[in-house]
Amino acid sequence: MKQFSLILFLLSILTINLEAQTVENFKLPKNYSGRLDEILPEVGFDLNVRFIFDKDYLKKYSTVLMTDQEKTVGGMLKMFRASWDMITLVGNDGFIYIARDKAQLELLQNNKEIVKTEITQSRKKLKPVKSNFLLSGDIVDIENGERIPFATVVIEGTTKGVTSDQNGHFAMEKVPADTVVVVVSYIGYHTKRIELEPQKENSSLKIELKQQTVGIAEVFVTGRKDDKALQQSTITQDIKMAPVALKILPNIGEKDIMRGFQLMPGVSAANEGSAGMYVRGGTPDQNLILYDGFTVYNVDHLYGFYSAFNSNAIKDVQLHKGGFDSKFGGRLSSVTEITGKDGNSKKATVGAEISLLSMNTYIEVPVGDRFTSLFAFRRSYQGYLYDKISALNKSPTTSARPMFGGKSANTASYFYDLNGKVTFKATAKDVYTLSVFNGTDYLDNTPQFKMPEGGGGPPGGGSFTGNISINNTDFSRYGNVGASTKWTRKVNETLTSDLLVSFSDYYSTRDERRSITIDQNSVSTIRKSGILEDNNLIDLSIKNDWKYVYDDKNIFEFGGFGTLYRIDFTYQQNDTLTILDKNQRAAIAGFYLQDKMQFFNNLLTLTPGLRLNYFSGTNKVYPEPRLNASYRIAPKLTVNGATGLYDQFANRVVREDIMSGNRDFWILSDGKEIPVSSSVHFNLGLNYDLSDYLFSVEGFYKLNQNISEYSMRYRSIPQPGSTVQTTEQFFNGNGYATGVELLVQKKAGNFNGWICYTLGQVKNMFPLQSDQYFYANQDVTHELKMVGIYKWGNFDFSASWIYATGRPYTAPVGGYSLKLIDGTTQSYYAVSDKNSYRLPAYHRMDIAASYRFNLFNQRGKPNSLSFSVFNLYNRINVSSRQFQLVDYAILQSDISYLGITPNVTLSVKF
Amino acid sequence: MSNFILISHRQRINFKQNIFNFTLNRLIFTLSFLFALYSCTKDDDKIAFNDIPVVESYLIKNNPVSLTVSRKTPFEDNVTLSDDILDQLQIKISYNNQTRIIPSVGKGVYRDPSLKPQEGITYKLEFVFNNQLVTSSTDVPKKPVGFHQSVTVLEVQSFDFSGGFPTGPITIPEPVKLTWTNNDEGYFMVVIENTEVSPVPIRDFGDNTPPGRFFRNEPTQGKQFEIQSMSFQYYGNHRLILYHMNPEYAELYKDNGNSSQNLTNPATNVKNGLGIFTGLNADTLTLNVIKK
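Order-wise, the sequence lines are chains A and B. Counted the way the working numbering counts, the first sequence spans residues 1 to 910. Counted the way the working numbering counts, the second sequence spans residues 1 to 292.
Among the hints, erroneous ones may be present.
In silico SDA-like pairs for lysine to any residue, Cα to Cα no more than 20 Å straight-line [to be verified]:
1) Lys819/A <-> Asn265/B
2) Lys582/A <-> Asn208/B
3) Lys206/A <-> Lys346/A
4) Lys107/B <-> Asp670/A
5) Lys107/B <-> Leu818/A
6) Lys636/A <-> Val744/A
7) Lys192/A <-> Phe95/A
8) Lys347/A <-> Met66/A
9) Lys143/B <-> Asp822/A
10) Lys60/A <-> Phe26/A
11) Lys78/A <-> Pro266/B
12) Lys819/A <-> Leu133/B
13) Lys223/B <-> Gln572/A
14) Lys582/A <-> Thr99/B
15) Lys116/B <-> Thr99/B
16) Lys819/A <-> Lys107/B
17) Lys271/B <-> Ile538/A
18) Lys819/A <-> Asn78/B
19) Lys78/A <-> Thr63/A
20) Lys107/B <-> Leu820/A
21) Lys61/B <-> Pro247/B
22) Lys672/A <-> Gln572/A
23) Lys92/B <-> Val145/B
24) Lys819/A <-> Ser70/B
25) Lys819/A <-> Glu193/B
26) Lys819/A <-> Tyr253/B
27) Lys223/B <-> Asp822/A
28) Lys672/A <-> Asn619/A
29) Lys819/A <-> Val109/B
30) Lys819/A <-> Gly212/B
31) Lys292/B <-> Pro175/B
32) Lys271/B <-> Leu818/A
33) Lys582/A <-> Val491/A
34) Lys672/A <-> Val621/A
35) Lys819/A <-> Pro266/B
36) Lys78/A <-> Met66/A
37) Lys819/A <-> Thr99/B
38) Lys819/A <-> Pro175/B
39) Lys819/A <-> Pro211/B
40) Lys582/A <-> Asn601/A
I should point out that these hints are in silico values taken from the structure, not numbers from a laboratory. Note that this is a predicted model, so its numbers are computed, not measured.
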């Protein structure tokens, strides 16, 4: 109970109204001059604060604000009060009010929404020159020229809006008039209002957005943070992320995109041992991960504690939790779409980070006007964090490795990842990119032995004139290397195409062999024993995606795709004996088409789609109809839904290995032993989005068919020279996953954050095992997550608390032994029904503090020093249980996750 | 400004907003408290213990039938066991339209010296335990054919680790290769047994417990097995027993895991029970391991 008192205490600190303002201390970054009603929005924009005032009243006053005189917001307000007898108030809601008198102040406080829209209405008096015209453009980062994907472009005061594509391009048909205000927003950036001017040519805009440096937290995660964005676009069940915002959240040594998503509803958080995501009751292999267009098959670093993605090289991440577009396929559950940074096109930059786990550097070099490049490299070092996590994942039992009195030495383990991207803007219409990714883990526990050279003669006498050396190898190497080249062609403002050729190679090798070399009289004898396991997957793909903005009611997306798979899996013992040798070759090809249609003044959006797959492994065609819909019931209330059929052809199989961590490998469906699995999604969501708060309820039901569970056990006897027998079996069956997700998010203010709760159930039935449905391994009934972020000057404080019902497991209920014909007695457990027990509940609290600062003559505070504590109250969370049968009694030991772990990260940028 | 007419409505919203802020803070408290309480009080659901018997019986050609019945040991207290007494069960084995009641000889063992299993006959087991009919059936597989060994005498050098690593020239002999006929993917296993009264160790075991006289390979559907010379622990005569077995017996050698992530029920061919009731057949060769 002590631990819980601590949580309650910490929560109470967080929930006290921490809105005590420090806005008044904000320094003015530059000089301003002009009418108050014009310069205040500018100040607000630069400092990310919001001023509320009566425009008609303030336009009578003009001033010059000099940084050396007024210096701070507080100083400026003091000057207003002194000069014009105004009333100013820094509200608890984070807004700064400026009024003539108390009565007006009260009116402003009650009407802050109306004040904002007033500006829009006044523009309506302008006379348009053009109407129903095509507006298009490209959205880029003002600082580094990065193209911004998936930004929202909306016409203010209307329901009309579009989203930019992966290359930052957008096209909007039938814009009503060239006097409208276009609002462009993107997570992690300041929202920009562009007032179209009737006299100007408005076609092909270049819109530059500015990254938020202060107050980034309030738009951290969620596709619905901006009420304007929400009103216009089709609301799908997606989560967007700005990797740049990750550093203010608690972490275990690395800011990690996958861990960030785990704080949101529908993505399970109680998996320290898997960087891959469990989305809505799906397993990590049911989540398609695309990195610049190529599929990534392994995302784990260091036993899954970290993901293989370096957040410094990533621009944008979209998680489609279900009911995803026809553009995506081949997975049952969800899609994670990662876009790498192009690199700074304006100046060369270098950045570096060091944490207690790894060193991380990146460099961005533009060459001329047309080339940009980015390279990022991260490597772990065997420090305190690495060793701590490694030790956690070693078996609690002693190693079976033979020890001949030699000393264990030369153990080296590390992970690294490398990201590189080169972008070439050949013409205004053609962009070529080459993106490369490599993430690898290398675990080496090899001890080295060398016997003394003969001659000296150990005690016991006898002459020995030879040389004996024993080499024990024990290493694992696994990872993923991938590359893609993409040609983006803007045929015209409304028709764009991406042609992508990609390659992805997943590899996993485990070498646990012992060789004895005996050199004597120039004759060398080598004897080898042990295990060599190797899995290699190669995916060669080609994709061609088209987007056509037909009119203001229809946006078509269509394309074709093809993938060649080559999967090899071998398991060898003692040089010669190959126990398993699988070689699979298959192809998947097909096309898709979808139309995003808008009805009833854009209130209703319907996106029907069809994806057609041909899979050579079964020689069959798999049609997948899809439908997405959203309807805006009221200005702030939207309902959305999706349904569709999804098939999966490649499966990841996890082979349990207690000694060295689980090994996973990929295999293809063959239509017989491993059928092609399929899933039907039904999603329904309701969102109520206020300017400061978001309330969301989403429900899902997935009907899964032909899912496989794999069981492969190796049994070796500790007898030198004995063979290993393998038995493998696939269990096939059906199942379902269902759940409800609730989210309450406070989006604005110095104190913000969210609470989310997921109620879920995942059950499967494998007729070969039992005719009863059982809880799937990944089933979590309740999951509650709370995240609080508080900004105080240049400091960001954050805390998160996670609670999740324990995972189901199978336990022995009794034991017995049998005398076997080889003279031995073997003990057996009789076990409970599958997964009928639950591990203890998982919960933990993490906290973090980070300080932003400038080095030398820098501006914008790009550097940071972060301190975080993982598992603050040192909760012993159980990952699994091990059982041992001793004298008819069962000994149970718990394998636990990471305890309290502090970490420091220093991040600098030049 | 014309918009300011909506005062009363807006004020109501403002009031609601304040109430909301207040409520949100309280909500966090309440929720966290409830969850804390929930996770402290909830116990694991108890799973009922099912008292079913464990059978152990190998029907070997021409060997008298012997069968042992035992109980599995529950891992939790407060379980209800049936009133059945292990030595007072009515064990029936039927074959070729005959049924035999197998007499008890105490300690859960039942033996019938006059019943000697033969090849090609199906034997059915039947008895009642805990008000359930426990059944199983098996037949005796064919005697192995073409069992052959590459050598009958194996010279192995003595190792002495007591003074460190061994000295002098070392030669490691070729493995003993055993082959047999297996055209229908039958299951086979080789058990190697030292038959000396007081066997001489090949290497010094030091403080370790001396290894047993038996070792074996894993059940295999192959038709050969190589015995590495390192596998032998003692000098002297060895019996090489090749068992031809039924799949249900081979299943017993599967690893059922010992972690909650991978635990499965052990294989059994006894309905409403656990353990094994299986026929076996064997052929035997001999091998002498001598000092080099």
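Here is what the structure says about each hint:
1. Lys819/A <-> Asn265/B: Roughly 18 Å between the alpha carbons, so the hint for Lys819/A and Asn265/B holds.
2. Lys582/A <-> Asn208/B: Between Lys582/A and Asn208/B the Cα gap is close to 41 Å, so the pair fails against 20 Å, i.e. violated.
3. Lys206/A <-> Lys346/A: holds, 15 Å
4. Lys107/B <-> Asp670/A: Given that 20 Å is the threshold and the Cα spacing comes to 52 Å, the pair is violated.
5. Lys107/B <-> Leu818/A: Judged against 20 Å, a Cα distance of about 15 Å means the pair holds.
6. Lys636/A <-> Val744/A: OK: Lys636/A and Val744/A at ~15 Å, within 20 Å.
7. Lys192/A <-> Phe95/A: This hinted pair holds, its Cα atoms lying about 19 Å apart.
8. Lys347/A <-> Met66/A: At roughly 30 Å apart (the allowed maximum being 20 Å), Met66/A and Lys347/A break the hint.
9. Lys143/B <-> Asp822/A: Holds, at roughly 18 Å.
10. Lys60/A <-> Phe26/A: The hint is violated at about 26 Å.
11. Lys78/A <-> Pro266/B: Given pair Lys78/A, Pro266/B is violated - Cα atoms ~81 Å apart, limit 20 Å.
12. Lys819/A <-> Leu133/B: The given pair, whose Cα atoms are some 24 Å apart, is violated under the 20 Å limit.
13. Lys223/B <-> Gln572/A: Within the cut-off at roughly 19 Å; holds.
14. Lys582/A <-> Thr99/B: violated, 49 Å
15. Lys116/B <-> Thr99/B: Status holds; Cα separation ~14 Å.
16. Lys819/A <-> Lys107/B: holds, 15 Å
17. Lys271/B <-> Ile538/A: Not satisfied, since the Cα-Cα distance of roughly 46 Å exceeds 20 Å.
18. Lys819/A <-> Asn78/B: It is violated: about 28 Å lies between the C-alpha atoms, which goes past 20 Å.
19. Lys78/A <-> Thr63/A: Measuring from Cα to Cα gives roughly 14 Å; hence the hint holds.
20. Lys107/B <-> Leu820/A: holds, 18 Å
21. Lys61/B <-> Pro247/B: Satisfied, since the Cα-Cα distance of roughly 17 Å is no more than 20 Å.
22. Lys672/A <-> Gln572/A: Between Lys672/A and Gln572/A the Cα gap is close to 26 Å, so the pair fails against 20 Å, i.e. violated.
23. Lys92/B <-> Val145/B: violated, 32 Å
24. Lys819/A <-> Ser70/B: Roughly 12 Å between the alpha carbons, so the hint for Lys819/A and Ser70/B holds.
25. Lys819/A <-> Glu193/B: This hinted pair holds, its Cα atoms lying about 16 Å apart.
26. Lys819/A <-> Tyr253/B: holds, 12 Å
27. Lys223/B <-> Asp822/A: holds, 19 Å
28. Lys672/A <-> Asn619/A: Roughly 12 Å between the alpha carbons, so the hint for Lys672/A and Asn619/A holds.
29. Lys819/A <-> Val109/B: holds, 13 Å
30. Lys819/A <-> Gly212/B: Roughly 15 Å separates the two Cα atoms, so the pair holds.
31. Lys292/B <-> Pro175/B: Roughly 15 Å between the alpha carbons, so the hint for Lys292/B and Pro175/B holds.
32. Lys271/B <-> Leu818/A: Distance ~17 Å between Lys271/B and Leu818/A Cα, so the pair holds.
33. Lys582/A <-> Val491/A: violated, 45 Å
34. Lys672/A <-> Val621/A: holds, 16 Å
35. Lys819/A <-> Pro266/B: holds, 15 Å
36. Lys78/A <-> Met66/A: OK: Lys78/A and Met66/A at ~14 Å, within 20 Å.
37. Lys819/A <-> Thr99/B: Distance ~26 Å between Lys819/A and Thr99/B Cα, so the pair is violated.
38. Lys819/A <-> Pro175/B: violated, 29 Å
39. Lys819/A <-> Pro211/B: Roughly 17 Å separates the two Cα atoms, so the pair holds.
40. Lys582/A <-> Asn601/A: Judged against 20 Å, a Cα distance of about 57 Å means the pair is violated.
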